[in-house]
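Visitor: What follows is each chain in one-letter form.
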Amino acid sequence: MNGVFRDTVTLTIDGRRIRAKAGQFVLQAARDAGISIPTLCDHPALEPAGACRVCVVEVTHPDWGGWHGLMTSCLYPVSDGIEVFTNSHTVREARRRVLSLLAARSPGATLIQEMASEYDANTRWLVVEAEGDNCILCGLCTRVCASYATTAIGTSGRGADKQVGPFAGKPPDDCVGCGACAMVCPTGVIEAERTAADYRIWERVFPTSVCVIDTAQCIGCGACEEACPFHVARVVRKADGTLLAHIPAEHCRGCGACVAPCPTGAIRQETLPWEVVAPRFASVEAGMAADKGTTAGVVACQRSTRADPGAFDGHRALEVPCVGRVSVPLLLYGLTQGLDGVLVLGRHQSTCRLDGAEDPAVAVVTQAREVARMVGIHPDRIRFDDPPPGRNGPGETFRNFAAMLGTLEPDILSAGPPSTAVPASEGLDGTLEILDTFYDTPRASVDFSVWCGQEGIPVAGDRKAALNIDRLPLWDVLTRSATRPTRLVAVIRAALEVLPELGVPVDGVTWLLANQGARSAGTICCTLCPEERRRIEAAGVKAFLVDDLIRERGARLPRLPCPDRVACDGHDQRQVDLLDALGLEPVDVGRDPLPDRFALSSGERTFADARLVKAEAAGAHVLLTTTPRALVRWGMMTRQGTWRTSRVVPVSGVQLAAMALSGTSPSAWAVEAGMLWETSSREATR
Amino acid sequence: MHPDISAVDAVLARYPAHEASLVMILQDLQDTLRHLPPEALERVAERLALPVSDVFSVATFYKVFTREPVGRTVVQVCKGTACHVRGAQLIEEALSRELGVAPGETTEDRAFTLRTVNCVGACAMAPVVVAGDTYHAEVAPAKVARLVKQWRRPSETAKQAPGRRPSARRARFPSPKALLDRSRELASRRADLRGEIRVCGGPGCLAAGSTKVLEAIREAGDRLHVSLGLSLEACADTSVSRRVSLTGCQGLCQRGPLVHLDPGDIVYEAVKPSDAEAIVQALVDGRVAEGLAGDRRGRAGHPFYQGQVLKALATCGRVDPEDLDDYLAAGGFRALAHALSALSPGAVLDRVAASGLRGRGGAGFPTGRKWRSAVSAARRSGFPPYLLCNGDEGDPGAFMDRAIMEGSPFQVLEGMLIGAYALGAREGWIYVRHEYPLAVTRLEHAIETCRAAGLLGDRILGTELCFDIRISRGGGAFVCGESTALMRSIEGKVGEPRAKYVRSVERGLYDKPTVLNNVETWALVPEIVLEGPEPFTALGTEGSKGTKAFSLSGSVRRTGLVEVPMGTSLRQLIFDIGGGPPPGRRFKAVQTGGPSGGCLPESELHLPIDFEALERAGSMMGSGGMIVMDDRTCMVDVARYFISFLATESCGKCAPCRLGLPQLSALLKQVQEGKATEAHLEAIEDVCGGLAESSLCGLGKSAPNPVLSTLRYFREEYIAHLEGRCPAGICKELIRYEIDDNCTGCLLCVAPCPADAITGERDQIHLIDDNLCTRCGICESVCNYGAVKVVTGGQR
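Protein chains in written order, with my numbering: chain A, -3 to 682; chain B, 68 to 863.
Possibly wrong hints are sitting among the right ones.
Taking lysine-lysine pairs in the BS3-like style, the calculated list, with each CA pair at most 30 Å apart, reads [claimed, not checked]: (1) B/Lys567 with B/Lys768; (2) B/Lys216 with B/Lys799; (3) A/Lys17 with B/Lys579; (4) B/Lys560 with A/Lys166; (5) B/Lys130 with B/Lys567; (6) B/Lys216 with B/Lys339; (7) A/Lys166 with B/Lys244; (8) B/Lys279 with B/Lys216; (9) A/Lys17 with B/Lys567; (10) B/Lys856 with B/Lys799; (11) B/Lys742 with B/Lys856; (12) B/Lys742 with B/Lys768.
Just so you know, these hints were derived from the structure itself, not from any lab.
Could you put together the complete structure from these sequences and hints?
Guide: Below, the structure written as structure tokens:
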């Protein structure tokens, strides 16, 4: 109901001049200005209804000849020159009268009783229901069900006999158990019960798949806590000081939004674990015809499949309770199994979106699209869409998607996908496994130029020296939020700064692929990763490890007035030498126990935690890592968050060199980058 | 029970598979299956691709739908205002006793369902009971038993509503000139007739049996060898020089069945079938039949018709509503032809604006201004406006629109066509309430006829104008007379209004620009466009121009349908035209504006009929219902009547109306029962205040008017109730029935008393046992000696 935002208008609310956008309603304009107006039937996620009449305000205008009107502010549009009074005597009287009526009808509704006493409402002369019905017919439940779910409930009757309920008073077939109605009800009339195994509402029982954390795999990074739309998943401190995520089963809504963000794949949604979901998506059941023009996959929830049955026939549909469950490896895996594209249909179990949040699946799809583009897959093969309202919405969106797939220009998938087995993990390891398939094939067509442009990283020209970044941009995109604030792109920038000072005139980055063969002799190629160096040399190109260059020539770089402490593995001479070369003081905290993969065992994590404790005790604020993969893993473990207590930040050798260049001590860098965080005051819950 | 799904599918096949068809599909299903079982609703939801809970909302919102099967005969007691003041409550109770069920219930043998209905539009013949399709007029409590016996007998239901004639085959008019030529031809043919007999088929006369009178006249014509053509077409044969037809309402409903004759402009009143021969013979002889004419001077001299100026009712009662030729002969569609051939759309707009025409539905919004806003809105949005005709006429006590729709449907269509031309509209709807099936039939017939004649559809009269009209039927909801609720109902949704901060001319039906006008407003448009605004502005007051139609009913000698110039005083209308209260009764109040209006006492009778004057006095013009109340009407009872009416009609969306009306009803009940104090009156005023200031729509906002106006003008009556007296003798808790010494001991009242409360010996004064008496009123209505009195005051 919003008009065109052509202009701002000026109005007065309670004597204050307010500027508001044309097309806004007075209620919103007041809220934006910090003036609160009481409401009963208003909700930020829903179109206003004007049913409760509590939000009335007195409105006048100089041109109205002294006439004042009482308008419901939720629906009254702002306009130039109007004077609004939100708490005048007339307004209070009007609210008093309405609340008296509501209080007489629903004496047991606490919210009403509170508001009633605030406005001196009284029911002395009114008929008070002995066993009142606490439903105040605000309509929030029916409106949210119609806007966000399946219109499973509605009103019946009219006038004083009007009531809310399902068709013919029977348990509604269309209900998908999202619980939005129970969430928005202001008087708690709608009974919804959450047991360990199911969710019961409107006399229907919905088995729920709770999310369970494999604590052995959990590294306490907190990605799940950030992802959970219902604030159920939490990181807590155990008695022994370790941090672990915890999802209380009795509160978990089973949306699965926490599964994808977990970098180690430690979270499992009961009934929809990775080993069930991936093959289901790859299966040839459900009407998939061979040799079709285009075969598309769709991940959708019950609301879409119920609303439009048959919409996805002939293609591959994965029905999940909530599409928040979708993950990057799932989407990419689908493409390797013969799908020309995968569509994720939103707007369903939208209780997670009632506070205006975005569908959790959007972030997953955005990530998948980015990495897909980088490895040569057209990003539009993966899409997220909210279907338009109406029963035919899901089908219409899907058909448009399938049609669009037919128009895409050829890409790496056009000649048939590389076949892969199901990756072992749904976490980062799984994603990287699939991406490696694209990266290492003879047809590989990786392109990081868009990423370079976005990050401001120059691509090497025809000069003789370049920094090979291998898969680092992929990792950067995938771990962008998992490893705050240490990002791989920062490492690349540092290398570009440092290498010329070390005598290697790199002017930008490059990326070599298996199918590119040997380059012309004379090109100097640097790399940050020992593993990668071996691979490049095997392809016949001369490569230098950046850390080696620092060890050899680091002494050229400026030194800090006072040597700063850096934690490292004191028994690895190469690490000690690097630090010596930069004039930093090594602190031995033992060997790096973390493996090459991202998932790890509890023993491995314990050792890692011990290392951090030692470093902190020794006054070292940074921890040296030897490979980009190690940097990312430590970054996840020391990720900045309110629950963090560790004051140690992982760093790579080249970043230390860059700090030397700029004359920043590593400790100061740690502080400047905002990495000092507060001690968590939360105690362990187990 | 498992309904036959094929029956459901058959109904579905009649309508486009679109949400807008929902209400009408459900109505047909209710007629076919006699109720709406869940399986049928699920099927409808499936086929219309609607959520089943939305279908359920609609199926439970409108009063006409039931979840249990209704009986073979549905007995409806009209609870309109006129019927209420003439004792409908007692009739309802009597029927309930006789049938053994409460209102809303069905008898065990499924023979009868008893229901109340909020006005069937036959107010002049109040109180009315409709059994099946048959209207029973002026029912008294004592007659109820006999009526029920009659219904129990195998059907001899008189066919009251005339059967529908098939549309005459006709050619399209290729141009406005062709229409004007034909119009002149037909007018002259009509003028050449040697005689015309017009039998009134208006709501009241139909209820009084006028179709039988028509049959009798035709038979009399046969017997007397007088050729009476039924249509102008039939009279093209020069041997047929006289005509008989059934017209719409001729106005004087109290004295129906009416028969109007030309030459002579004679009105015969209270005509029985046995009078038919006398009428035909008198016509042939060129004289007036003895004892039948209301006034030998014809209508011009008749006190009922003096002072009236018929504009909206110009062709009502003068033409056969199913005969386009008749309408053309009377000058119909000349305005449209003139507009299309000689005026620009802007010029038409100018005429309407200059006339000062204000909406006749009640609000009185200037029509010209509304139309101009719609033109701007349409231009801004890029969508042509929809034109809607509000035929919901939910005000109990109003039947003007019913009469116009049934009596001159072509005039309404012509008004809408001219509006379509001026506004650039292409589609229109006429929303007719469910309680007016004959109006639907007549309008459908008129629309079909117009389509065949090239007056609706594409290239109307061969011009660029393309416009078509559909009918949308209401489902039994007074709130659907409110413009935004009406639009939702057309869309197939529940009739819940929305806040009007954005006007319907900007966003109305389907969120597009929409012009909604009342039936009477549309009917006034043709003359304004043809003759120019001057004849219209010449009548009326400064702020209210032209004429207004009223349904005059209640306690007047001459109830009926009238149209008077604005500015006519209430006194003139009620006493001169209406004849004042019947003998033995004293004028007490006049109620206008329906449930949104108020009651004005004798001291206000000098007021002119004018929008502002009536509003200042605490009432309002309203749609035209005017009910006269006498000393046997209790004003507290009237206030509660209106509030209860509104409580059953409230849509329930907003709290003040949904919750406030039942509270008001309870408070007024306390007053009626003598249990109230001054504090109750203050509480009443407080709740009224809340309704007026906070309600979402006009229904709630104006609901306090009847209460506040009666408190203003009749406060002493309220005080009397606080003191335990009901001066009008209506409120049961405060009255007693007593037999005085006029009693002749005839024993007539003893048997009919349902409570066996009367003891009586022949020739002895009978005695009513006050403890047993249920105040049903039957004894009073059977007594021939006026010996039964209602007294009030003192202990019960």
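Visitor: Each of the hints needs a verdict: does it hold here or not?
Guide: Hint by hint, here is what the structure shows:
A C-alpha spacing of about 13 Å is found between lysine 567 of chain B and lysine 768 of chain B, which places the hinted pair at or below 30 Å, so the restraint holds. For the hint linking lysine 216 of chain B to lysine 799 of chain B, the alpha-carbon distance of about 28 Å falls within 30 Å, and the restraint holds. Restraint check for lysine 17 of chain A and lysine 579 of chain B: the C-alpha separation of about 24 Å stays at or below 30 Å, so the hint holds. With a CA separation close to 22 Å, the supplied pair lysine 560 of chain B and lysine 166 of chain A stays within the 30 Å bound.
Annotation: proposed proximity of lysine 130 of chain B to lysine 567 of chain B holds, straight-line Cα distance about 25 Å (limit 30 Å). A hinted pair counts as satisfied when its Cα atoms are at most 30 Å apart, and lysine 216 of chain B with lysine 339 of chain B qualifies at roughly 24 Å. Restraint check for lysine 166 of chain A and lysine 244 of chain B: the C-alpha separation of about 63 Å exceeds 30 Å, so the hint is violated. The straight-line distance between the Cα atoms of lysine 279 of chain B and lysine 216 of chain B is roughly 23 Å, inside the 30 Å bound, and the hint therefore holds.
In summary, the hint linking lysine 17 of chain A to lysine 567 of chain B is supported, as the alpha carbons are separated by about 21 Å, within the 30 Å threshold. At most 30 Å may separate the alpha-carbon atoms for a hinted pair to count; lysine 856 of chain B and lysine 799 of chain B meet this at roughly 14 Å. With a C-alpha separation of about 24 Å, the suggested pair lysine 742 of chain B and lysine 856 of chain B falls inside the 30 Å cut-off, and the hint holds. Distance check on the hinted pair: lysine 742 of chain B and lysine 768 of chain B sit about 28 Å apart at the alpha-carbon level, within 30 Å; holds.
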